[in-house]
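> Following the hints, position chain B against chain A.
Single-letter residue listing:
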Amino acid sequence: MTMQAEASAEVFSAQVRETKPGLFRRYPQLTISPAILVILLAGWWLTCHVFGAPSYVVPAPEDVWRALINGLARAPWDSGGYWFHAGITVWEALLGFIIGSAAGAVLGFALSHWPLLGRSWYPYIVGFQSLPKVALAPLMVVWFGFGLEGKVFITAVITFFPVLVNAMAGYQSVEPDRIELARSCNASEWHLLTKIIFPSCMPFLFAGLSVASVLAILGAVVGEFVGAKSGLGMLLMQYDQQMELAPLFAVILLLALIGFSMNHAIGLLERRYCFWAQRAAAART
Amino acid sequence: MKQVLAAAPQASIASASPLIVARGLCKTYAAGDSSTVALKELDFTIYDGEFVSVVGQSGCGKSTLLKILAGLLPFTAGTVQLNGVPLRGPSKEAAVVFQSPVLLPWRTVLENVLLPIEFRRLPRSQYRESALDLLAMTGLRDFADRYPYELSGGMQQRAAIVRALVQDPKLLLMDEPFGALDAMTREQMNLELMRIWSRSRKTVFFITHSIAEAIFLSDRVIAMTTRPGRIADIIDIDLPRPRDLSVINTDRFGRYAARLRTLLDAHGGLS
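Protein chains in written order, with the working numbering: chain A, -13 to 271; chain B, 49 to 319.
Bound-form chain A, shown alone:
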């Protein structure tokens, strides 16, 4: 009996003993992630050169790389290069993102702060939210023409909802104790909003902004698909029609990079202004 107990204790302690995690476990982003990239690139290369996929279906990685370098070698004001078009797309996405998310945050707070307003508008918000916003893109050419405004509009509409929904969720999840604390100190309505409610909502707001930052690029590109004279989305359509797949891939890579950077920028802002909270809510769109 005691022997058994001792034996099992030994097994137990063996299991509990701390082992130093290996290099792979500690820094997967520096070891495993690059390895995945190498494997993907190798797969790509093999597809083109060994399995013989035609270049008009899958361009070779080195061709894509060359197209990317060529496009980036041009000056920013040269409409034949990528910088020019990327600049326009980023500008559209950024403007739309700022307008859409600001409107979403303000309206989200307003609808939560005045429950009558919130309850009466809610069915329309839900209805509009379930509409695929991309479907509005053709309309915006009619309204705004081929210029900047239309792309900013569609981006703003797309980024509006995740921020609105998260702002409302944030407002409703403010701990009642925090509000009672403020009220017990005779806090004004303004102080209650600025010192308790807004900061409490920050984690939710950032979850919404994070989703919106990725959707912003989508909005700008879709806007350019429908009709534009410049921008990366317009380039995509152009290369597609000319069957130039290598530069098409290069532009897709650029878009991925831009989306990643915008999302990363939001992440940095969150770490700066919301360091005290883990991301509170999973992003909802």
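Only true hints are included.
Below, in silico cross-link-like pairs of lysine-lysine (DSSO-like), each with a Cα-Cα straight-line distance of 30 Å or less:
#1 K88(B) <-> K140(B)
#2 K218(B) <-> K140(B)
#3 K88(B) <-> K218(B)
#4 K181(A) <-> K115(B)
#5 K181(A) <-> K140(B)
#6 K115(B) <-> K218(B)
#7 K119(A) <-> K215(A)
#8 K115(B) <-> K140(B)
#9 K181(A) <-> K218(B)
DEER-style ranges, computed between Cβ atoms:
#10 R194(B) <-> L103(A): 35 to 43 Å
#11 E161(A) <-> A64(B): 34 to 42 Å
#12 Y110(A) <-> R194(B): 41 to 49 Å
#13 A64(B) <-> L254(A): 53 to 61 Å
#14 S159(A) <-> A305(B): 39 to 47 Å
#15 L103(A) <-> P153(B): 24 to 32 Å
#16 D193(B) <-> G8(A): 35 to 43 Å
#17 A125(B) <-> V112(A): 40 to 48 Å
For the record, the hints were derived by calculation from the structure and aren't laboratory data. Beta carbons: idealized from backbone N, C-alpha and C, even for Gly.
Relative to chain A, chain B alone:
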């Protein structure tokens, strides 16, 4: 361990002026057609500098009573006077300590402590020194610039007490402030609170469901019944101060505990 407490001259109740006077205090919650009587005709007086606890089972309305005194909840009938003035909404003479510390995670401890000062639009710079002094008194001076998540549960609740004290209120309303702490920390916090109380001479209205905690801390204990919440009896705790934890093992302490237990069992009944 800080077993020996600072000398706390017991306020002579006869000479002290009444701070809270409640007469015929009633609270009814209306929900649709039905209504629930939470508090029924409470009469009590609490004097300046007193430490008064309210014990009762959950659902006896003791938290409702505290919220009424804090001005956070309207009452249905009766009168309540705070410092000679009829109670209408939150008073600047009263500060609340909640069951959870309710520290704002984006503010440092010092900024949290100064929050009521900002709410009341008082000059922050004037209260900074006294806030730091209070933090020093509760052993939190070195944590003034830390964030709440860097503090233990007991330290957080001490910061919450300092936040209440910084407004220099006459009355401290405490709603089971140590209920969420483990037994050992709770004893420490009780000693700490005694020490703070004996130095600051605030009037404390303390809600708890622990009979021992109520007796250990209080000058008087209000025993409440359940549904509707009524005062079963108010018991004077005549134990010498300063008190240390050994007082819990004395016969007199045991007799008080037995009496309160009987009161609470007779009215409402522990199942």
